Each structure stands twice: as structure tokens, then as C-alpha cells.
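All chains, full assembly: derive it from the sequences and hints.
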Amino acid sequence: MAELILKHTAIKAIYSVVPKTVYKTHDYPYFSEDEAKMFAKTTGIVERRVAATNVTASDMCFKAAQSLLEDMNCLNEIDLLVFVTQSPDYFLPASAAILQDKLGLPKTCMAFDVNLGCSGYVHGLLLANRYLQQGGLRKVLLLAGDKSTISTHEQDKTAFPLFGDAGSATLLEYDAKGEDWFLDAGTDGSGAEAIIIEAGHSRMPYQSFDDQDIEVAPGVVRSKKHLAIDGMAVFNFALKNVPKSINNTFALAKLTTDQLDYLVLHQANQLITDSIRKKMNVPQEKCPSSIGSFGNTSSASIPLTLCSELSEALKKERLCLLLCGFGVGFSWASLLLSTHNVATKLVEYD
Amino acid sequence: MEIVDFIAAIEEEFDDLNPGDVSPNSVFRDMEGWSSMHALIFVALIDSKYNVLLNGDELKSCVTIKDLFDITLLKINGGGANT
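Chains as they are written, first to last, in my numbering: chain X, 1 to 350; chain B, 1001 to 1083.
It is worth saying that the hints were derived from the structure and are not from the lab.
You may find that some hints are simply not true.
[Stated by the list, open to error] Derived DEER-like restraints, expressed as beta-carbon distance ranges:
| hint | chain 1 | residue 1 | chain 2 | residue 2 | range |
| --- | --- | --- | --- | --- | --- |
| 1 | X | 202 | B | 1012 | 25 to 35 Å |
| 2 | B | 1073 | X | 348 | 46 to 56 Å |
| 3 | X | 205 | B | 1073 | 42 to 52 Å |
| 4 | B | 1019 | X | 192 | 41 to 51 Å |
| 5 | B | 1017 | X | 202 | 41 to 51 Å |
| 6 | X | 211 | B | 1033 | 30 to 40 Å |
| 7 | B | 1003 | X | 350 | 55 to 65 Å |
| 8 | X | 34 | B | 1019 | 15 to 25 Å |
| 9 | B | 1003 | X | 28 | 44 to 54 Å |
| 10 | B | 1073 | X | 41 | 22 to 32 Å |
| 11 | B | 1017 | X | 104 | 38 to 48 Å |
All of these numbers come straight from a predicted model, not from anything done at the bench.
Where is the CB? At the ideal position from N, CA and C, for every residue including glycine.
Structure, rendered in C-alpha cells:
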């Protein structure tokens, strides 16, 4: 069982970046008016942000990181860069290496990518802590972002209107007096096919498959190179595993949901987050939501929600937060942590 | 657990349904504009009201509202693949 107590780590800043271009659910040409209404009601998505063709996840994270490093004035203190993404610039090299150079980080800085989606931000916080808590490193820059819209077929009603693009940068540092954090995480790879892009990598290289568009269900057109999502399987996975993981985390911390300031869930869709929140008996006002404005932004959804919904509280208050990422893999991670005086910023990418 | 309550919950959940629109023999996939979103709403409703999580195969095996009610009842009573 992956349950851990994390020590000596503090989050100093969280910056997020979203593209300027807005796609509205009711403008999606493959929805009837009723379908658009039903989709918006169920998923909560009124609009989302979509990156331009030449903008990648690493570009959005670069902008977030650049702004953060300038404001926090700590470029030369970054000893590790972790980039959580499932939409890297290239098969190789790791986009984190490119970002190290573009950001002007010292060559003594380690840098690597983590191939996780919706659970990735919380896993990234864990990784940052693992490197920091011994006291050897000064600061870690955690970048989490995805350009999911590059993978979805425009005529796939189950996926195309669901995803938005975003990037984020989080600055963490060693804190000798930092309060303990508590983590529960897990994996169920039997759900690998529930969210998958089948073709284009080693298992099904580009030359080896027929990439014709197929109508797999009424109104659902895609090829093997596009992202496919089984909404029912994801819902079942989330409702079976996430409440359990959150409860495990509270038990580890010897706390109850009453002592929590905010439950910040991965913004999968509103039906899922509402169902989890109700199971946890957490009132709506303690469970911020950003999906209405940004859609499902994969690995960036938790930092984006923190920046867009909790900016003032993060800056001014001492908070007890439960962050929970869950999704593709299937993979999940819940982290209970305290924050104090966290700088945030939400920036648009031109 | 009574089927009238089950039906009332469904009628309350969907804006375009009025009391009396749904009967035990109603074929739920014949609802106007049925989509995968409706299926998710049914599963979420049953989960929140009865703490029973139906998976895709279980939903596929149901045709009528009574089928849904019966499988929910079965799982409440400890039957089915995963309660």
C-alpha cells in the first residue's frame, strides 16, 4: 500500500497558463442544442481554452515557469525540474531537458519528464518532496501541463468537447519547520484501455496501422491515433477508488474532513467530482471547481483550480488542503498538505 | 426500497421528465435524445441514492426501468459482480 508521510517541504508559488482562445460548448458544431445543454449540465463545461497549432504543453509551462522564476527571483537555486505531461514535444529527448535550457536554469539542475496525466500533479509533488526532504536540494520546479486537444478528433463527441489545454509551474523548497504531508496513491493498469491513444508509439508504430477515421458509435468518429475515452469505465474507476484513497489519507493524517479547508479534485467532469464530494460529505463551497471555464485540463487541472479559485486564500491564509488526482492509467494519488503564503498567478498565453 | 421511489428519483433528475412520464416498463434508452451522458447520469443517481455502483456491462444488460431497479436491488442485497 503506497501510503507515505512527507516531511520538510513547502510550496512557495503556483502559476498557471491557459491559451487565450475560448471554445464554447454550445458552439460545438457536432452537438444539437439539446446535446450541448446535456453535455454542459453533466460535465459542467461551459467553455474551455484551446492552444494554437504551434503551441505545445511545454510552451505553456515555459511561460508559467518564466513568470514564476522572474517574480520569485530564484533561477539559480533550482536543483531539479520535473515536467509532468502526456503531450511532450518529442518522443525524445525529454521536454524537461529542453525546458532547462530555455529557462536558463543552471546545468547542475536535474531534469526529467513524468509520463502521467490526471494523477500526475500529485505524483509530481511527491517526487519533489522525495528529493527535497533530505535537505540536499534547495528548490524544485514542478511543471505540469498538457495539450490534450492535439489528440482528440473533432468529431468525437465524447472527447473533443471535454478537454482544454493548460500549463502550470509550482515552486517547492526545503522547509525544516514544514508540517507533515500525507499521501495515498495507487494504480490499476487493468483500466489502461479506458483512456488510450493506441497508435503512434512502440506497440503500434505509425507505419503499421490503418489510420482511417471510423465511426465507433453514433457521433463518435476517430482513428487509432486519437485519444479514446470510455466515460462509464472512468466513472466507475473514480467512484470505486478515489473516496477510498481520500479516506486512507485522512486516516494516515489522523484528521477528518471537518478539519479540511478545501478538497481540490482533478477536474475530470462535474458529475464525477460532485459524486466524489458527496461521498466524502464535503460541502460544495469547500470543493472548488474550474471545469466550467477550462474543461478537463489533465495534469494541469489541480494547479489551475488552485490559481483560478483559491488565489486569495492561498496567499493570505494557512490552509489544510486535500489534493486528489485520478485518471489515465488508471492511476490516482491523494495528498493532504498545509500551505501558507503561496504566491499564485493565472496568465493567458497570447 | 420501492420502485415508485426509484422512478420518482429518475423523474426528478431529468428536467424534461414530468411525474408519471416513467413506468417500470419504460425502455430507458428510448428517452428523447438518449446519449452516453444519460447513462452516466443514471449510474451517478443510483450511486448517490442507493450507494450501488453499476458498471457498463450491468447497464448494458438492462432494457427497462424495472431491470435497472432489479439489478440495483440485487446489489443492495449483496448480489451482482461488485457491490
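A quick look at each hint next to the structure:
no.	hint	in the structure
1	202/X to 1012/B: 25 to 35 Å	violated (50 Å)
2	1073/B to 348/X: 46 to 56 Å	holds (51 Å)
3	205/X to 1073/B: 42 to 52 Å	holds (49 Å)
4	1019/B to 192/X: 41 to 51 Å	holds (44 Å)
5	1017/B to 202/X: 41 to 51 Å	holds (49 Å)
6	211/X to 1033/B: 30 to 40 Å	holds (32 Å)
7	1003/B to 350/X: 55 to 65 Å	holds (57 Å)
8	34/X to 1019/B: 15 to 25 Å	holds (21 Å)
9	1003/B to 28/X: 44 to 54 Å	violated (37 Å)
10	1073/B to 41/X: 22 to 32 Å	holds (28 Å)
11	1017/B to 104/X: 38 to 48 Å	violated (60 Å)
The structure shown violates the earlier hints numbered 1, 9 and 11.
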